[in-house]
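Chemist: Each chain, written out:
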Amino acid sequence: MGRLYLLLAVIAGAGISWTVYSNSLLATHTTDIMGSMMVHGIGTFFALSFFLYYFYRQRNHKAAPLPLWNYGGGILGGLIVLLFSKTANSYLGISGAICLGLVGQTTFALAVDGFGLFGSPRRRLSGLDLLQASLVLSGSLLLVWSQNSRMTAP
Amino acid sequence: MIEILFGLSGGVLIAVSQTINSRLAIATTAMNASFWNHLVGAGFMSLLFLGTGGFHGGANVQWQMVPWQAYLGGAVGVLATGAIAFLIGRMGASRTFTLVISGQVLTGVVMDGLMHRISSHELTLSGTALILAGIGISFLKNKPTAP
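If you read the protein sequences in the order shown, they are chains A and E.
Residue numbers for the first sequence follow this note's numbering, beginning at 988 and rising by one.
Residue numbers for the second sequence follow this note's numbering, beginning at 2 and rising by one.
Because the hints were derived from the structure by calculation, they are not lab data.
Any given hint could turn out to be false.
Computed beta-carbon distance windows for the label pairs [what the hints assert, rightly or not]: (1) Trp-1056/A with His-122/E: 41 to 49 Å; (2) Thr-1094/A with Phe-140/E: 21 to 29 Å; (3) Leu-1055/A with Ala-130/E: 39 to 47 Å; (4) Gly-1103/A with Val-62/E: 39 to 47 Å; (5) His-117/E with Arg-990/A: 32 to 40 Å.
Ideal Cβ positions, reconstructed from N, Cα and C, are used throughout, including at glycine.
Build out the structure end to end from the sequences listed, making use of the hints.
Modeler: Written as C-alpha cells, this is what we have:
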C-alpha cells in the first residue's frame, strides 16, 4: 500500500498542474477573484455527491463536533490566489512567484511534521527526508530557472 | 522586498491549508474535507467578489469565448485536494508535499516537451534528474513513518 500512496501523491501533483493551467485560463477570461470564485463553486457542486454520501452513511452516528478551524482550509485558498497574483505581477515575475512558493511550501511542510503543527502528529524527520526535500526543491528551482531563461530568450 | 514575503507566505499558506484539510479528512473522509474546502472557499471568494464590485468590478466576460478546459480545474482540484488531504494523514506533510511538487513540476516538463518549448536541455535534464532522485529516495525508504 505504501508504494501506491507515493504514486497517488505524484498523480495528485499532476492534477494540480492541470488545475493551475485550467484556472489561469479561466482567470484570463474573467478576473483573478471571479475565476477563483467560479473554480471553488464548480468544485463544490462536483464534490456535493461525496459530501451527501458521507452524510448519508453518518446519519445514525452522533460524532463529537469538530473545532471550527478544521473547516477553514478553504479561506486560505482565496488568500493564496491573491498573494501569488501580487507576487507574479511584481518584478519577481511568474517564475519568481513559483520559486518562492515552492520554498515556502517545502520548509513549512518540514516544520509541520517536525513540530506537529495544526494538530498533526509529530514525526521524527530523518536525514533522508531532508535530502529528499532538498533534491526535489533544487531540481524544481532549476526547472523554473530554465523556463525563465526560455521566457527571456528572443 | 515585500513581494518576496508575499510569495513565501503564499507557499506557507498552501501547506497550512492542506494540513488543516487533512485534520478534517482524518476525522471524517478525505472527499468530505475536499467538499468543505471548496464550499468555504467559494463562500469566501463570493464575499470578496461582491466586496470588490461584483459584476461591475471590471470583468467584461465573453462567455462564448471561454474554452471548455477552463471549467475543468474545479473538478480536478476536488480530487487532488482530497488525495493530498488523505496522504498528509498517512505519510506526513513533508513527504506528501515533496512528492506532489515532483509530480507537478515533472508534468510541466512533459507538457513543455510535447509543445517543443524546452530551450535549455542541460538545465531541464539536470533538474529532472534531481527530482527523480528525490522520488527514488521515497521508493527506497518505503515504510511510512509512524505518527
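Chemist: Do Leu-1055/A and Ala-130/E keep their Cβ atoms within the hinted range of 39 to 47 Å?
Modeler: holds (45 Å)
Chemist: If you check the beta carbons of Gly-1103/A and Val-62/E, does the distance land in 39 to 47 Å?
Modeler: Given range 39 to 47 Å: holds, Cβ gap about 45 Å.
Chemist: Hint says 21 to 29 Å; check whether the CB-CB distance for Thr-1094/A and Phe-140/E agrees.
Modeler: Given a distance of about 23 Å, which is inside 21 to 29 Å, the answer is holds.
Chemist: Should the hint that Trp-1056/A and His-122/E are 41 to 49 Å apart at their CB atoms be regarded as holding?
Modeler: holds (47 Å)
Chemist: Given the hint of 32 to 40 Å, check if His-117/E and Arg-990/A actually sit that far apart at their C-beta atoms.
Modeler: holds (33 Å)
Violated hints are absent here; each numbered hint is respected by the structure.
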